[in-house]
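Enquirer: Chain by chain, the residues run as shown.
Protein chains: 2
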Amino acid sequence: MTANLHWLTQATKAPNETARSAAQARQGQLTKPPGSLGKLEAIAIQLAALQGCEKPRAEKVFISIFAGDHGVAEEGVSAFPQAVTAEMVKNFARGGAAISVLAKQLGATLQVVNLGTAFDTGELPGVLQCNLGKGTANFARAAAMTQSQLAAALQAGCDSAVQAQKTGAQLYIGGEMGIANTTAAAALACALLQKSPQQLAGPGTGLDQAGVQRKAEVVARALALHAAHLGEPLEALRRLGGFEIAALTGAFISCAQRGIPVLADGYISTVAALLAVRIQPGVASWLLFAHRSAEPGHILMLEAMQAEPLLNLGMRLGEGSGAATAVAILRLACALHNDMATFAEAGVQGKI
Amino acid sequence: MTANLHWLTQATKAPNETARSAAQARQGQLTKPPGSLGKLEAIAIQLAALQGCEKPRAEKVFISIFAGDHGVAEEGVSAFPQAVTAEMVKNFARGGAAISVLAKQLGATLQVVNLGTAFDTGELPGVLQCNLGKGTANFARAAAMTQSQLAAALQAGCDSAVQAQKTGAQLYIGGEMGIANTTAAAALACALLQKSPQQLAGPGTGLDQAGVQRKAEVVARALALHAAHLGEPLEALRRLGGFEIAALTGAFISCAQRGIPVLADGYISTVAALLAVRIQPGVASWLLFAHRSAEPGHILMLEAMQAEPLLNLGMRLGEGSGAATAVAILRLACALHNDMATFAEAGVQGKI
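In order, the protein sequences belong to chains A and B.
1 is the number of the first residue of the first sequence in the numbering used here; add one for each residue after it.
1 is the number of the first residue of the second sequence in the numbering used here; add one for each residue after it.
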């Protein structure tokens, strides 16, 4: 491991088991049948353990959107042209994208990081330009990233977690934008889970059946090309990943090192979360899962993480949009947990 | 039909198909792959049709909680004592219940209607006292309600819809509280869907297996007793229902007559919704479904209504709590629908 990656090996924090127990006990005293708030109870208790206090909150939310292009787009694996990545970065900056609207509604901080797009976006207000390259190399023909690109992308994620910590974030969301990035995610998922491209390549932004077949073939070709080097998660990430996937991986590891709960989004985000856990198993404790995406491979990823997401709305947009949507539920879960009366306070009788 | 029930036969409004088409067209122009917001797209379009405008809103939400006791509680079909109904009405009034917390978080109007509890609550601020009786009769031995109790309960629901309309509500939620009301709901569901008590009696607030079995036996006994009179939905409601179930039924019919969209909650609420549809088929268009409850019979009810609810969080509390939770999602769906940029506005290219 090169010197500039040593931060990845720093220990992650441990959840606070005292706070977890206190929150669990509190749930049992609230004026409702035990368990009757379902997942809202479990998520409040989990957040209490991560925030180290009996009454958790999800008011201060930090959202980072990482954008980057993918050389593999030249294989015709996306329903949209590559120019859309840069165009969407501009759309984020102007407030017109789904995640812009959601962040505004939630009063969340939204940071946009352009790691490297094939088309120049120019300077944009509120967009951090990292210029790691005009997208990755086509991983069906070569390694997607150089060592220094990988290190810089991971570091950009770490920087974002540092920024989140500075703002006092109670919750971190990482989102992404990058035409063809479900192809990179599928390739990584195949490498990490030992599954076939047919199981993990899906329609993404809207491929037809022939397109999905082509995508699976491209992934199969890439897996054959890099086969000897996929046993180590960082090297798999460098060869098959993308700038934004590496940044998300770095961000999730850094959040776990700093004790910031992470709300994982959909397919791409979950692949990054799995990479983060493979690199640093302690990351697993810091991950909450927002939703089950419509991308078919996502369910396999979630099973591999033993994740039971809050929502299943058939969303498949990325940008952190599923996670942002789940914030609304998380906030209500916290309000119920924190503000409901106990049986004793209300003078209500418990179970017979 | 007696004179005081004639209002039930008034026509329901029709959704606005022009607004639906406009909303549908708008969704196709927003800067995202078509369909990538999943159910958030569908619900925004549905709400647009119901509100008769291209850009729907769910800001002004009116929540009515109807409370009433059930004579069938004496058969030992609930995990909680009957006194809890009145105690929870007090808890609603003091702001300590789940729905109180949710309504406050959402800035929703919360109206509490005590139709008739076995234990006296006394006058309470913000609680409308209807005094229809000290709960219903035990429907395993007699009809639950008299004709005049049924009419008064339906009318209380109608009055609530009138009140919602006066406040300019963009969305109506009906909740309920009543120890043993899942037993009444199960009996009604059996009558309406021609299913067996074993399929529709569940643990409710927390019965063990023996308790569920006893509940199914009580329902079976009631169905046998009233068998000759269950073909007509209003009479089934009078014999097997409860004050709060009748009020919800009346409220849903009245909302559909006034053109107020209804967000249905869990098991009890869905039984009332099905009754409303059987009495007035036009009600179906005005129903949105919030969540799939953990009560096993709810899934059969939802299938009968061809409903695909937004959430599946394992909630089983009632009080309208699942519907209130879904409001947060509905609001984000509206914000995305209303505020995202179109491809043209953002200069983003569409599908290849």
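If you are wondering where the hints come from, they were derived from the structure by calculation, not from laboratory data.
There could be a bad hint or two in this list.
[To be verified] If you want the footprint, here are the derived chain B segments under chain A, 3+ residues with CB under 8 Å:
#1 46-53
#2 253-260
#3 278-289
[Said to hold, decoys possible] Derived EDC-like pairs: lysine to aspartate or glutamate, alpha-carbon spacing no greater than 16 Å straight-line:
#4 A:Lys351 to B:Glu217
#5 B:Lys104 to A:Asp339
#6 A:Lys90 to B:Asp208
#7 B:Lys90 to A:Glu345
#8 B:Lys351 to A:Asp208
#9 A:Lys104 to B:Glu74
[Unchecked claim] One side only, chain B facing chain A, incomplete, derived with CB under 7 Å:
#10 Leu8
#11 Pro33
#12 Pro203
#13 Gln209
#14 Leu317
#15 Thr325
#16 Ala344
On a predicted model such as this, the values are computed, not experimentally measured, just so you know.
Ideal Cβ positions, reconstructed from N, Cα and C, are used throughout, including at glycine.
Enquirer: Evaluate each hint against the coordinates.
Expert: Quick rundown of the hints versus the structure:
1. 46-53: violated (count 0)
2. 253-260: It is violated: at least three residues are needed, and the segment 253-260 of chain B offers just 0 whose Cβ sits closer than 8 Å to chain A.
3. 278-289: violated (count 0)
4. A:Lys351 to B:Glu217: Violated - the C-alpha atoms of B:Glu217 and A:Lys351 are around 22 Å apart, more than 16 Å.
5. B:Lys104 to A:Asp339: 10 Å, holds
6. A:Lys90 to B:Asp208: Roughly 57 Å between the alpha carbons, so the hint for A:Lys90 and B:Asp208 is violated.
7. B:Lys90 to A:Glu345: Holds: B:Lys90 and A:Glu345 sit about 12 Å apart, inside 16 Å.
8. B:Lys351 to A:Asp208: Holds, at roughly 12 Å.
9. A:Lys104 to B:Glu74: Answer violated: A:Lys104 to B:Glu74 is near 52 Å, above 16 Å.
10. Leu8: 32 Å, violated
11. Pro33: 4 Å, holds
12. Pro203: Violated: closest Cβ of chain A sits about 9 Å from B:Pro203, beyond 7 Å.
13. Gln209: Cβ of B:Gln209 sits 16 Å from chain A, so the hint is violated.
14. Leu317: Constraint on B:Leu317 satisfied, holds at 4 Å.
15. Thr325: 5 Å, holds
16. Ala344: Since the shortest Cβ distance to chain A is 11 Å, the answer is violated.
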